[in-house]
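S.K.: Using numbering that gives the first Met the number 0, the first residue of the sequence shown is number 0, and each one after it goes up by one.
Hints were generated in silico from the structure; no laboratory data involved. Heads up, some of the hints might be wrong.
For each label pair, taking beta carbons as the anchor points, the in silico distance ranges come out as [stated by the list, open to error]:
#	residue 1	residue 2	range
1	Gln63	Ala34	29 to 37 Å
2	Tyr42	Lys62	43 to 51 Å
3	Leu58	Val37	40 to 48 Å
4	Leu41	Lys62	30 to 38 Å
5	Gln32	Lys62	31 to 39 Å
6	Tyr42	Gln63	40 to 48 Å
7	Leu40	Val61	43 to 51 Å
8	Gln63	Gln32	32 to 40 Å
9	Gln32	Tyr52	35 to 43 Å
10	Asp55	Ser33	39 to 47 Å
11	Gln32	Tyr53	29 to 37 Å
12	Asp55	Ala35	24 to 32 Å
13	Gln32	Ile60	39 to 47 Å
14	Leu58	Thr38	38 to 46 Å
Beta carbons are placed, not taken as given, at the ideal position from N, Cα and C, and that holds for glycine.
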Amino acid sequence: MNNQDTNTNYEADLRSSRSAKFAALKVQAAPIQSAALVTRLLYAILIVGFLGYYLDRALQIVKQ
0 MNNQDTNTNY EADLRSSRSA KFAALKVQAA PIQSAALVTR LLYAILIVGF
50 LGYYLDRALQ IVKQ
């Protein structure tokens, strides 16, 4: 019976250790995700800018 209690305590410690590690990974990954979001946003702005520029150029050529 004592061995079973020890196993239960070990499993509980292991679970809490895993969840603590997972929480630490989630906290650590948050800046990486926000940096990726900023990068995607900048790429989107750049692409929209290029499309707007070339569309404007095409319209100027058509008008002439």
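S.K.: Could you tell me which of the numbered hints above are not met by this structure, giving the numbers in increasing order?
M.R.: As far as the earlier hints go, 1, 2, 3, 5, 6, 7, 8, 9, 10, 14 are violated by this structure, in ascending order.
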